[in-house]
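Student: The chain contents come next:
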Amino acid sequence: MQLARVIGTVVATQKYEGLEGIKFLMVQPLSKTQQPEGQPVVAADATFQAGPDELVFIVGSREAAQAMPIPFVPVDHAIVGIVDDVQLA
Amino acid sequence: MQLARVIGTVVATQKYEGLEGIKFLMVQPLSKTQQPEGQPVVAADATFQAGPDELVFIVGSREAAQAMPIPFVPVDHAIVGIVDDVQLA
Amino acid sequence: MQLARVIGTVVATQKYEGLEGIKFLMVQPLSKTQQPEGQPVVAADATFQAGPDELVFIVGSREAAQAMPIPFVPVDHAIVGIVDDVQLA
Amino acid sequence: MQLARVIGTVVATQKYEGLEGIKFLMVQPLSKTQQPEGQPVVAADATFQAGPDELVFIVGSREAAQAMPIPFVPVDHAIVGIVDDVQLA
Amino acid sequence: MQLARVIGTVVATQKYEGLEGIKFLMVQPLSKTQQPEGQPVVAADATFQAGPDELVFIVGSREAAQAMPIPFVPVDHAIVGIVDDVQLA
Numbered sequence: 003m004q005l006a007r008v009i010g011t012v013v014a015t016q017k018y019e020g021l022e023g024i025k026f027l028m029v030q031p032l033s034k035t036q037q038p039e040g041q042p043v044v045a046a047d048a049t050f051q052a053g054p055d056e057l058v059f060i061v062g063s064r065e066a067a068q069a070m071p072i073p074f075v076p077v078d079h080a081i082v083g084i085v086d087d088v089q090l091a
Numbered sequence: 003m004q005l006a007r008v009i010g011t012v013v014a015t016q017k018y019e020g021l022e023g024i025k026f027l028m029v030q031p032l033s034k035t036q037q038p039e040g041q042p043v044v045a046a047d048a049t050f051q052a053g054p055d056e057l058v059f060i061v062g063s064r065e066a067a068q069a070m071p072i073p074f075v076p077v078d079h080a081i082v083g084i085v086d087d088v089q090l091a
Numbered sequence: 003m004q005l006a007r008v009i010g011t012v013v014a015t016q017k018y019e020g021l022e023g024i025k026f027l028m029v030q031p032l033s034k035t036q037q038p039e040g041q042p043v044v045a046a047d048a049t050f051q052a053g054p055d056e057l058v059f060i061v062g063s064r065e066a067a068q069a070m071p072i073p074f075v076p077v078d079h080a081i082v083g084i085v086d087d088v089q090l091a
Numbered sequence: 003m004q005l006a007r008v009i010g011t012v013v014a015t016q017k018y019e020g021l022e023g024i025k026f027l028m029v030q031p032l033s034k035t036q037q038p039e040g041q042p043v044v045a046a047d048a049t050f051q052a053g054p055d056e057l058v059f060i061v062g063s064r065e066a067a068q069a070m071p072i073p074f075v076p077v078d079h080a081i082v083g084i085v086d087d088v089q090l091a
Numbered sequence: 003m004q005l006a007r008v009i010g011t012v013v014a015t016q017k018y019e020g021l022e023g024i025k026f027l028m029v030q031p032l033s034k035t036q037q038p039e040g041q042p043v044v045a046a047d048a049t050f051q052a053g054p055d056e057l058v059f060i061v062g063s064r065e066a067a068q069a070m071p072i073p074f075v076p077v078d079h080a081i082v083g084i085v086d087d088v089q090l091a
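Chains as they are written, first to last, in the working numbering: chain Z, 3 to 91; chain F, 3 to 91; chain X, 3 to 91; chain R, 3 to 91; chain D, 3 to 91.
It is worth saying that the hints were derived from the structure and are not from the lab.
All values reported here derive from a predicted model rather than from experimental measurement.
Each hint should be verified, as a subset may be incorrect.
Identical chains share a label here; the pair holds if one copy fits it or two copies do between them.
[What the hints assert, rightly or not] Computed list of lysine to aspartate or glutamate pairs in EDC-like fashion (alpha-carbon distance at most 20 Å, straight line):
| no. | residue 1 | residue 2 |
| --- | --- | --- |
| 1 | Lys34 | Asp87 |
| 2 | Lys25 | Asp87 |
| 3 | Lys34 | Asp86 |
| 4 | Lys34 | Asp55 |
| 5 | Lys34 | Glu19 |
| 6 | Lys34 | Glu56 |
| 7 | Lys34 | Glu22 |
Here chain Z stands alone, though its shape is the one from the complex:
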């Protein structure tokens, strides 16, 4: 999983039918010190209603669909939690 910050929203009226009702957010992956790191991705948010600037953690690849109401959907990045704090050793 990766730390990321919500930076925007993707509006798509024509989409694969299993994706109705799921929010698609632009999220910026972050380094351990929470600086932007690499390119933003479009992540599905089926649960958290994460808002702009919120610190989240995202899952990628096949497991992302496991965070959806019905897991057999073409989703490869999803928000799986809201991050309260990161404690570095």
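Got chain Z sorted already, so can you dock chains F, X, R and D onto it with the hints?
Tutor: Structure of chains F, X, R and D alone, referenced to chain Z:
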């Protein structure tokens, strides 16, 4: 998922038999400001009939095949929606 | 799999419900000579109670969820062992 | 999927038993203008008998095994078609 | 799949229980001319007893677990063959 723009078409008469009737498009992944970012990939389009220059979002990896009529096919990138707008925070 | 060192903890009270009771650690991937290599990721630890500075090996992608008590969860990096030693040829 | 060109053959007499009878080719991924792009990979060819210099498209990750006669094999890149033409917009 | 050379062994007495009896090797991915390319990874070897300096080919991602005696294990890189020769076109 990633933002991408349709930039071409791949013509292949000999292909894996489960892939008949699916369109293969060259798509250029984009940054959050919709600039080209990284190398184009070949994405399957089974639904949208996306045309040249259209702004889409694509899914990669195992979940791509979930956007196909029959999901047990060797497809690793697929178009899952047409993007109307991207609202940055 | 990759060698990694535990460098911190992620605190998240709101998370996907299947992830309750699983520890989320920041881990730094390492080179063969155990130098930091690439960006840290958030890895699930369901078994080892790995502590700060511990040398571990992590699995990525879909197989990470196989290290969880219930494998149908959105987890893409997990700790699968504590490393005692690395012997280079 | 990615455009690629066949550049060689891998000879391996000792291999995982499910892989008998499958051809393993070195293929060079290509850019949209068909220039070499990134490192070659070893791709399985169970169908096409692709020869040296042939222009193909390959699938990566879990879906590659779907192009094999029996899909439960450890294969992560496979040739899924012979490319006749790429039309750029 | 990728060409790789065995460069060491990982010793881990505490590991995920499904991984008992499997050898974990440090392997260095190679270019087509068999030069080191990218960072070494830890690959499972359940079959070949590959030794130091041996030339192998490895599979990554979800399919790696298919090369294990029981495929439901958290393994993302595995050795699937010993390479005798690479013939470049």
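Student: Could you run down the list of hints and mark each one as holding or not?
Tutor: How the hints compare with the structure:
1. Lys34 <-> Asp87: within (11 Å within a copy, 26 Å between copies)
2. Lys25 <-> Asp87: between (24 Å within a copy, 13 Å between copies)
3. Lys34 <-> Asp86: within (14 Å within a copy, 26 Å between copies)
4. Lys34 <-> Asp55: Both ways: Lys34 and Asp55 sit 17 Å apart in one copy and 15 Å across, limit 20 Å.
5. Lys34 <-> Glu19: neither (36 Å within a copy, 25 Å between copies)
6. Lys34 <-> Glu56: both (16 Å within a copy, 17 Å between copies)
7. Lys34 <-> Glu22: Close neither inside one copy (33 Å) nor across copies (23 Å); limit 20 Å.
This entry does not satisfy hints 5, 7, going by the numbered hints stated previously.
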